[in-house]
Amino acid sequence: MSSPRSRLSSFWIALGLITGLYLLFILSMLAATAAYTTPGHWWRALAAREIRYSIGLSLATCTATALLSLLLAVPVGYLLSRGRFRGKSMLDAALDVPIVLPPMVVGLCLLILFQTPFGRAVESVVPFTYTVAGVVLAQFVIGAAFAVRTMRGTFDHLSPRPENVAMTLGCSRGRAVWLVTLPAARRGMFAAASIAWARSLGEFGPILVFAGATRMKTEVLPTSVWLELSVGNLEAAVAVSILMVALAMVVLVAVRLAGEKV
Amino acid sequence: MIRLENISWHAGAFRLENVSFEIPTGRYAVLMGRTGCGKTTLLEIICGLRQPASGAVKIDSRDVTGEPPGVRGIGYVPQDGAMFPTMTVREQIGFALRLRRRPIAEIEQRVGELAEHLGVTSLLHRLPHDLSGGERQRVALGRALAAKPSVLLLDEPLSALDEDLRDDLASLLKRIQRELGITALHITHSAREAAQLADLLFRLDDGKVREAS
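From first to last, the protein sequence lines are chains A and B.
Taken in order, the first sequence gives residues 857 to 1118; the numbers are from the numbering used here.
Taken in order, the second sequence gives residues 1185 to 1397; the numbers are from the numbering used here.
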């Protein structure tokens, strides 16, 4: 019969083994992808005019989406965290809809929305369907939902008391949030924007359906992977994939570093 | 002077009904009661952070019931000090005066005076995470007093401190209240604290406030 100490050890060893196998699986995927190509192939693929355009468009649209997501996520996250009102749980669930919807369906919903009289009226001012603005909108639908979750969590972790004190000292609620709460939430805001940015970088389905996959127009990095795969250019697809993995890693590390200091 | 007239407040099963009491100008009142009996709610109603269902809050004979917290002329010190996380001690104490757009020289002078009075002059450059519990409460007190409020509301300001520090800070509170002639309402669970500080002692039981001394 084993002692409690050895039972505990085998328990933790089993957990460690499961975690280790999972980590090994992830690292194997990445290592295999990295080993598939050579630095020479990689540079050649990235030097192609179309790929350089898609890198530039991805960086620009992801940054625009991250900023727009943050602009939405700060007030909505605050409302969900501090607001007390009827229907709050319904609103909370509704804001998760873009996260749980299949990505292709998000694209299809956008496409149909912009065929309605309201959508056509909007398009007469700013065209979205099959345009760069459409890429940003498709990324925003999902990126903003993640940013809202992150900001809500950030505000949940911040005590409302300093804000209340600021109000007794002469601030309106808005000014107290601006002067006291938002500076304290700055790392959460950075994390929310980064998460929206990273989600947007990998977004493919809604962009394909709503903004199309036109080279040198609405082609972002995931579109490049798909287009290169579809013509059998596996090395270019792998080169773009490695670039996306590297960008995702940078965001992951940045968010982790910011998160540890929140 | 703080005067509550028939204050009622409801939240689910919890209710305060027709709470009335008065603290004359310049007196130090202590309010005691069981955990969850509504002491903090009552303090927040006086602050203007919660609106009562009915009744009136008067400060220095002025009905402030419908007024926002910032114009009531109160200083508020919550339980844990509630420091502004990104501001230095100097910025915290000068906060109310900066909001009122007072000249920088006046703010500096007032911050210096209060810091000296409260024994935090050497901490002016520090951020809250570098302060001990007692230091935080001193800074919170300075921040509440900077704009020269007529009443001071303290929500268990000594509860997180060890006993020696508690006695020191209790003496400081009493001294400052006397020197400034300010009307104070202090919430506590501690009978010892109440005995040290109270000119007037109130108890909140079953949604009603009664004077105990």
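It is worth saying that the hints were derived from the structure and are not from the lab.
Careful, some of the hints might be misleading.
Here are some chain B residues the structure puts well away from chain A; computed CB gaps all over 12 Å [to be verified]: (1) Glu-1201; (2) Pro-1269; (3) Gln-1293; (4) Lys-1392.
Which bits of chain B does chain A cover? Going by a derived footprint, with three or more residues having C-beta under 8 Å, they are [stated by the list, open to error]: (5) 1256 to 1266; (6) 1273 to 1283.
Even glycine gets a Cβ: it sits at the ideal position worked out from N, Cα and C.
Hints and how they fare:
Look at B:Glu-1201: its CB is around 22 Å from the nearest CB on chain A, clear of 12 Å, so calling it non-interface holds up. With 12 Å as the threshold on Cβ separation, the claim that B:Pro-1269 sits away from chain A is violated: the shortest Cβ distance comes to roughly 4 Å. Annotated as non-interface, B:Gln-1293 keeps its C-beta farther than 12 Å from every C-beta of chain A; the closest such distance is 18 Å. Consistency note on B:Lys-1392: stated as away from chain A, and its beta-carbon is indeed over 12 Å from all of that chain's, at 26 Å minimum.
Counting residues of the region 1256 to 1266 of chain B whose beta carbon lies closer than 8 Å to any beta carbon of chain A gives 8, which reaches the threshold of three, so the coverage claim holds. Counting residues of the region 1273 to 1283 of chain B whose CB falls under 8 Å from any CB of chain A gives 3; the rule of at least 3 is met.
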